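Engineer: With the first letter of the sequence shown counted as 1, position 17 gets the number 17 in full-length UniProt numbering; the numbers rise by one all the way through.
Please keep in mind that the hints were generated in silico from the structure rather than gathered at the bench.
Keep in mind that the hints are not guaranteed to be accurate.
Unchecked claim - Derived CB-CB ranges, DEER-like:
| # | residue 1 | residue 2 | range |
| --- | --- | --- | --- |
| 1 | G46 | T105 | 31 to 37 Å |
| 2 | S40 | V82 | 17 to 23 Å |
| 3 | G129 | D85 | 32 to 38 Å |
| 4 | I124 | L101 | 17 to 23 Å |
| 5 | S40 | S61 | 29 to 35 Å |
| 6 | S61 | P139 | 29 to 35 Å |
Because the structure is a prediction, the values reported are computed rather than measured.
Don't be surprised by glycine CBs; every beta carbon is placed ideally from N, CA and C.
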Amino acid sequence: MSRLLRIVPVFFSVIFCLVFLFILRIQPAFAIKYDLIPPSGELTRGQQIQFTINIDSEGTSIATTQIGMTYETTVLEYVSTVPGDAMGTVSVSQLESGKILFSGTNPGGFSGAGTFAYVNFKIIAAVPGETQLCVLWAPQTNPTTPPTQPTIAPQPTALPRTGEIKNQIGYLAGGALFGLIGLGGAIYLNRNRYQRVSPKKSHPHKKSSD
Numbered sequence: 001m002s003r004l005l006r007i008v009p010v011f012f013s014v015i016f017c018l019v020f021l022f023i024l025r026i027q028p029a030f031a032i033k034y035d036l037i038p039p040s041g042e043l044t045r046g047q048q049i050q051f052t053i054n055i056d057s058e059g060t061s062i063a064t065t066q067i068g069m070t071y072e073t074t075v076l077e078y079v080s081t082v083p084g085d086a087m088g089t090v091s092v093s094q095l096e097s098g099k100i101l102f103s104g105t106n107p108g109g110f111s112g113a114g115t116f117a118y119v120n121f122k123i124i125a126a127v128p129g130e131t132q133l134c135v136l137w138a139p140q141t142n143p144t145t146p147p148t149q150p151t152i153a154p155q156p157t158a159l160p161r162t163g164e165i166k167n168q169i170g171y172l173a174g175g176a177l178f179g180l181i182g183l184g185g186a187i188y189l190n191r192n193r194y195q196r197v198s199p200k201k202s203h204p205h206k207k208s209s210d
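Based on the sequences and whatever the hints tell you, model everything.
Structural biologist: In structure tokens form, the structure reads like this:
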């Protein structure tokens with residue numbers, strides 16, 4: 001009975017560790033994809049061109065999201081940005097020369113594939129052949145989903161970068177295996193301790209008859 005009482009706390013400690021590990025590993029993530037569509041045709045100096053940023057939320061409903069763009073300042077001059085059908089508004093932040101951050105908002109939520117924004121540039125120099133004028137980059141902040149009920153004020157969230165949700169089964173299986181090994185070791189140690197402290201039975205000596 002005493003051995004069982006020693007094992008029970010160990011068992012519940014292992015279960016608690018497994019649950020805590022599982023909660024830490026499960027984090028929400030958004031699987032949002034962006035595509036940059038360059039203008040077609042011949043590009044000449046003085047011409048105004050337009051890049052299209054497409055978005056695919058992969059079935060997730062989003063209310064706000066951000067995407068960055070880096071462009072070649074020796075060839076392009078930024079002009080303006082127009083929201084696409086996926087966003088109600090798109091604000092622009094010029095982080096540094098040749099680096100822009102776009103923040104899109106759709107209060108009703110957007111789900112599916114559509115156009116995030118149209119970005120207009122002016123060509124200020126001759127375009128070298130096979131030159132990549134613009135590229136997209138992922139900011140540190142992440143998209144948020146529209147609220148399911150009215151809130152007083154939206155709170156910032158700390159979410160992973162845009163990407164597919166990681167598979168949590170491997171973490172859970174590894175944690176469970178580790179817990180079982182720990183539990184088996186605890187049972188083995190308690191059994192050995194019990195055997196060491198158990199008193200040996202004494203056998204009375206028979207009196208020899210005269």
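Engineer: Each hint should be assessed against the structure and marked as holding or not.
Structural biologist: To see whether the hints hold, each was checked on the structure:
1. G46 to T105: 31 to 37 Å: The hint (31 to 37 Å, Cβ to Cβ) holds, given that G46 and T105 are roughly 34 Å apart.
2. S40 to V82: 17 to 23 Å: holds, 18 Å
3. G129 to D85: 32 to 38 Å: holds, 33 Å
4. I124 to L101: 17 to 23 Å: holds, 22 Å
5. S40 to S61: 29 to 35 Å: With Cβ atoms ~32 Å apart, the hint holds.
6. S61 to P139: 29 to 35 Å: violated, 20 Å
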